[in-house]
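In case you want the letters, here they are:
Number of protein chains: 2
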Amino acid sequence: MSTDVFPGIRLYLMRLVCKQSVLTLKELLTGCLSSQIKKATRFYVKAIEKSSPLPIISQEEVTRHRSLKDGVWVTYQGGVYDITEFVSIHPGGEKIMMAAGGAIEPFWSLYAVHNQEHVLEILSEYKIGELKAEDLKKQSTFKSSDPYSSDPERHPALRTNSLKPFNAEPPPEILADSYITPTAFFFKRNHLPVPQVDPDLYRLHVEGLPRGVLTLSLEELKTRFPKHTITATLQCAGNRRSEMNKTRQVKGLNWGFGAIGNATWSGAKLRDVLLAAGYGPDVAQWARHVQFEGLDKEITGSAYGASIPINKAVSEEGDVLLAYEMNGKDIPADHGFPIRVVVPGVVGTRNVKWLGKIVVSAQESSSHWQQKDYKGFAPGIDWDTVDYKSAPAIQELPVQSAITTPAEGSVIDRSEEMLTVKGYAWSGGGREVIRVDVSVDGGKTWKEAKLKSSDKEGDQTSPPLGRAWAWKLWEITVPLPPEAQELELICKAVDNSYNTQPDTFGPIWNVRGLLSNAWHRVKVKISEDDDEE
Amino acid sequence: MSTDVFPGIRLYLMRLVCKQSVLTLKELLTGCLSSQIKKATRFYVKAIEKSSPLPIISQEEVTRHRSLKDGVWVTYQGGVYDITEFVSIHPGGEKIMMAAGGAIEPFWSLYAVHNQEHVLEILSEYKIGELKAEDLKKQSTFKSSDPYSSDPERHPALRTNSLKPFNAEPPPEILADSYITPTAFFFKRNHLPVPQVDPDLYRLHVEGLPRGVLTLSLEELKTRFPKHTITATLQCAGNRRSEMNKTRQVKGLNWGFGAIGNATWSGAKLRDVLLAAGYGPDVAQWARHVQFEGLDKEITGSAYGASIPINKAVSEEGDVLLAYEMNGKDIPADHGFPIRVVVPGVVGTRNVKWLGKIVVSAQESSSHWQQKDYKGFAPGIDWDTVDYKSAPAIQELPVQSAITTPAEGSVIDRSEEMLTVKGYAWSGGGREVIRVDVSVDGGKTWKEAKLKSSDKEGDQTSPPLGRAWAWKLWEITVPLPPEAQELELICKAVDNSYNTQPDTFGPIWNVRGLLSNAWHRVKVKISEDDDEE
Chain A
-12 MSTDVFPGIR
-2 LYLMRLVCKQ
8 SVLTLKELLT
18 GCLSSQIKKA
28 TRFYVKAIEK
38 SSPLPIISQE
48 EVTRHRSLKD
58 GVWVTYQGGV
68 YDITEFVSIH
78 PGGEKIMMAA
88 GGAIEPFWSL
98 YAVHNQEHVL
108 EILSEYKIGE
118 LKAEDLKKQS
128 TFKSSDPYSS
138 DPERHPALRT
148 NSLKPFNAEP
158 PPEILADSYI
168 TPTAFFFKRN
178 HLPVPQVDPD
188 LYRLHVEGLP
198 RGVLTLSLEE
208 LKTRFPKHTI
218 TATLQCAGNR
228 RSEMNKTRQV
238 KGLNWGFGAI
248 GNATWSGAKL
258 RDVLLAAGYG
268 PDVAQWARHV
278 QFEGLDKEIT
288 GSAYGASIPI
298 NKAVSEEGDV
308 LLAYEMNGKD
318 IPADHGFPIR
328 VVVPGVVGTR
338 NVKWLGKIVV
348 SAQESSSHWQ
358 QKDYKGFAPG
368 IDWDTVDYKS
378 APAIQELPVQ
388 SAITTPAEGS
398 VIDRSEEMLT
408 VKGYAWSGGG
418 REVIRVDVSV
428 DGGKTWKEAK
438 LKSSDKEGDQ
448 TSPPLGRAWA
458 WKLWEITVPL
468 PPEAQELELI
478 CKAVDNSYNT
488 QPDTFGPIWN
498 VRGLLSNAWH
508 RVKVKISEDD
518 DEE
Chain B
-12 MSTDVFPGIR
-2 LYLMRLVCKQ
8 SVLTLKELLT
18 GCLSSQIKKA
28 TRFYVKAIEK
38 SSPLPIISQE
48 EVTRHRSLKD
58 GVWVTYQGGV
68 YDITEFVSIH
78 PGGEKIMMAA
88 GGAIEPFWSL
98 YAVHNQEHVL
108 EILSEYKIGE
118 LKAEDLKKQS
128 TFKSSDPYSS
138 DPERHPALRT
148 NSLKPFNAEP
158 PPEILADSYI
168 TPTAFFFKRN
178 HLPVPQVDPD
188 LYRLHVEGLP
198 RGVLTLSLEE
208 LKTRFPKHTI
218 TATLQCAGNR
228 RSEMNKTRQV
238 KGLNWGFGAI
248 GNATWSGAKL
258 RDVLLAAGYG
268 PDVAQWARHV
278 QFEGLDKEIT
288 GSAYGASIPI
298 NKAVSEEGDV
308 LLAYEMNGKD
318 IPADHGFPIR
328 VVVPGVVGTR
338 NVKWLGKIVV
348 SAQESSSHWQ
358 QKDYKGFAPG
368 IDWDTVDYKS
378 APAIQELPVQ
388 SAITTPAEGS
398 VIDRSEEMLT
408 VKGYAWSGGG
418 REVIRVDVSV
428 DGGKTWKEAK
438 LKSSDKEGDQ
448 TSPPLGRAWA
458 WKLWEITVPL
468 PPEAQELELI
478 CKAVDNSYNT
488 QPDTFGPIWN
498 VRGLLSNAWH
508 RVKVKISEDD
518 DEE
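So the sequence lines, in the order shown, correspond to chains A and B.
Residue 365 in our numbering is what sits at position 378 of the first sequence, and the numbering runs on without skipping anything.
Residue 211 in our numbering is what sits at position 224 of the second sequence, and the numbering runs on without skipping anything.
FYI, nobody ran anything at the bench for these hints, they're computed from the structure.
Misleading hints may appear alongside valid ones.
Identical copies carry no separate label here, and so any pair may be met within one copy or between two of them.
Capping the alpha-carbon separation at 27 Å, the derived lysine-lysine pairs in DSSO-like fashion look like this [claimed, not checked]: (1) K443 with K119; (2) K359 with K443; (3) K431 with K238; (4) K510 with K434; (5) K316 with K510; (6) K119 with K439; (7) K431 with K376; (8) K431 with K233; (9) K316 with K443; (10) K434 with K359; (11) K431 with K510; (12) K238 with K434; (13) K376 with K119; (14) K439 with K359; (15) K439 with K376; (16) K512 with K119; (17) K359 with K437; (18) K437 with K510; (19) K125 with K359; (20) K344 with K82; (21) K376 with K443.
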């Protein structure tokens, strides 16, 4: 290593003794040393920091560091951290800048995914000082109570992927046991705390139309517009991420194959509400998107948001609902009480819950979730090369299916002779699943499963063309192959555009782990009968 | 073997000597022997027949055999054939029954695929007698001239898959050289002889609507309705069948990857014509399909036919045209002069050429091509188990792409250092191709190709959502891997529903060899530079 480094370190040590800010060293390094040398220097600096007292820094000084140019500082439990270099590699993206110059605790109580040991370890690497004792005292007034404390109770059978915000899925083996997924077992995918909404005070605002804002109470939504009911499957874009993760690690909640459910939804048609608000041929000239805002809010006050294309929103056959009932009852808190948008055939994230505002616009929603999250990228793209503008926001999802029973690793008794395999299949855009192929020999041969369009035995009715919003359940019973000791079961579905699922995950791998729809594979063992007769 | 058989054979021999019809034996066998014994008997009978003169049979007797119950007899070049048992395994389906009781020659001149040695071999196994000389003489009056004699001239560069009817594709390496496929090189897929249509006498009949039949001349179609122009890709359902054939032999023309082309089409909107003919909300109550009949006819006089769902036909955004121009000129004879239906986003076969009749109906077209041909089945289904009713008629096609250059087996000079790969990509249903991934290492790693929406350099414009009717061309230039001596190039496309192509052909194999859209793979060699400097 170049000995040029040492004068810098000596200078640093000197200044430490004088209790001056470390930033002075930082400025020095940034100005004159190559990146390789900087790295080496940082190594020495860290070693020294560990054994030395850190400078005391005032809140005023911290507050001055709120940009990449001036540096990004935050405080946590009385420590001061310079996270400038971490901003670009923060898994949550630029949101981290909201915390610049202030305390990070309230954000972490909102985005509770941070409450993990390895997050603290990462943070500790960036520590540059201690916050002045009197400033630390003042901070306590900022401290909010846990915004998740009013979240509803959930069924203990759910498999929790994240507590705050709450994200959970049912045990997948129950999914194909009921055509309609019981509400309690319907997967929960919250991005923020569940807002408390008083139904009497609830107002929906419809904006962006020449007539001005239309404001509707819950009662008006229920009485002024005809009530429509559809059965529709909602699926999280991250369903089956855990399988993609096995190829190569992606970023996101580790969903199994239960982030999908099928329910009946009742409410007003979005089309009817937009027409009442003044949508017409003139608006159709310039409007391209309908934006939705939730009542679930970031700590900054900005709402969860998403948008869908205008054609889907106003089409007679689009069946987009402002739903106030799920499975025949008021929509429960976790699913968007009192109103959620149901956009059948479209990825879950656009089905905005706790709907507060509708905006007709020439533009897509500018929300993080529309612009920088739910998009699919090529397998060669990683976090260093991703260009969010290069891919469209996910709307319709591709064809999907999974085996719900038997479960991975099950042991089948040879004496049973027959094996029943069950699962679900669905496609986006209202495309009907017309076939599910099942293999019990790892994909060498395939048999066609029996499809079910309801819980009624033998129901194979088809919905109107282009409006197949609900999944199909499927089942097949096959003889156990006489020789095999282990079986690899596979399913794949075909929709009525004859699209089918890709064979493997590697070539559809993407950095966010979305759109994970390769063949579902389940390995089971066959145990030999003990008593020989 | 049971000795019960021999009395039957002895009886047969006796009758042969007396020159009585073999049918008497057949009746005897059908009545009293099990199928196994029948088989054995037939073996003996065949052996005897080969060494014995066959009975003389009158046309009157032949004509009496026109059903499975009475037996199905035909004549060919003076021979009489009992093809009853062949009917169920005839590759062309039940159409064969049209020939029952008569001469097969006129059908074979229409379906010229029969003019092959192995077809004659199969036929010879069913010979049961010789036609009476005087009846054979009379047959000559049936003999028509070659119905294909007035087919148009074609470009010699086309690769012909079948001459009568004419089916041919361009050399695929030219496909990505021009965003608009030159008409002469646009693939030709005819099911029957090209009809001769006098444009002055041409009439289009629109039927099935309460107001009665609307009849339109070509002039009226051109002047009464606004002229619309779209750019749309048409693809044969059998495109890339030859690749599927390598997995396991399928039935159908051995198309390469050139049974696809992109053209501009101009004409009246089908929607406008249907509205003029009386389509409205009342009709929408019961109408489900729009049927098309071509002026190309079977020998029986029945027309080529197909249908599309009513929603596609009447939708403002469906863009279905009654086209009279292709690439700015009158549609040529091979492509449907003077009118063909262009159903963008939908499989070629529904884009009916030489359109004679439109029928609004509650039912799909009952044509062979709608009911018993262009459907996709599971890989486990073969000709013995196929149930045509079990699959829907193909309409929208799945996502597709292919590498047009370099060609399979090309040799790349190492000194070139870079390799440019080009191709096309398209998806059905108006879904836009948003990405093409290319691998030069057999699928281990992938790079994103540059998409082109026209021949204009860098044109990446998107069509309106849901109306991406035209393909995208794509191109990528990559460094030659330094060590490799052979490269496996692969491409796969992703559309805006994030559907993608399956990895391999085995699991999408189907008995008709349709919907062949697994990854396209091309192997090339790298030759080392000879002169070492």
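Checked hints:
1. K443 with K119: For K443 and K119, the Cα distance exceeds 27 Å both inside one copy (69 Å) and across copies (62 Å).
2. K359 with K443: neither (42 Å within a copy, 30 Å between copies)
3. K431 with K238: Answer is between: at 21 Å across copies they meet the 27 Å cutoff, but 33 Å inside does not.
4. K510 with K434: Within. Shortest intra-copy distance 17 Å satisfies the 27 Å Cα cut-off; inter-copy 32 Å does not.
5. K316 with K510: For K316 and K510, neither the intra-copy (39 Å) nor the inter-copy (59 Å) Cα distance is at most 27 Å.
6. K119 with K439: Neither. Shortest intra-copy (67 Å) and inter-copy (59 Å) distances fail the 27 Å Cα cut-off.
7. K431 with K376: between (40 Å within a copy, 26 Å between copies)
8. K431 with K233: both (23 Å within a copy, 16 Å between copies)
9. K316 with K443: within (22 Å within a copy, 56 Å between copies)
10. K434 with K359: Intra 41 Å, inter 21 Å, cutoff 27 Å: inter-copy only.
11. K431 with K510: both (15 Å within a copy, 25 Å between copies)
12. K238 with K434: between (35 Å within a copy, 21 Å between copies)
13. K376 with K119: For K376 and K119, neither the intra-copy (42 Å) nor the inter-copy (79 Å) Cα distance is at most 27 Å.
14. K439 with K359: Classified as between; 25 Å across copies, 37 Å inside a copy.
15. K439 with K376: between (40 Å within a copy, 17 Å between copies)
16. K512 with K119: neither (63 Å within a copy, 69 Å between copies)
17. K359 with K437: This pair counts as between: shortest inter-copy Cα distance 22 Å, intra-copy 40 Å.
18. K437 with K510: Within one copy only: 21 Å inside, 40 Å across.
19. K125 with K359: neither (35 Å within a copy, 79 Å between copies)
20. K344 with K82: within (22 Å within a copy, 61 Å between copies)
21. K376 with K443: So K376 and K443 pass the 27 Å test across copies only (22 Å; inside, 46 Å).
The structure fails to meet hints 1, 2, 5, 6, 13, 16 and 19 from the earlier list, while all remaining hints are met.
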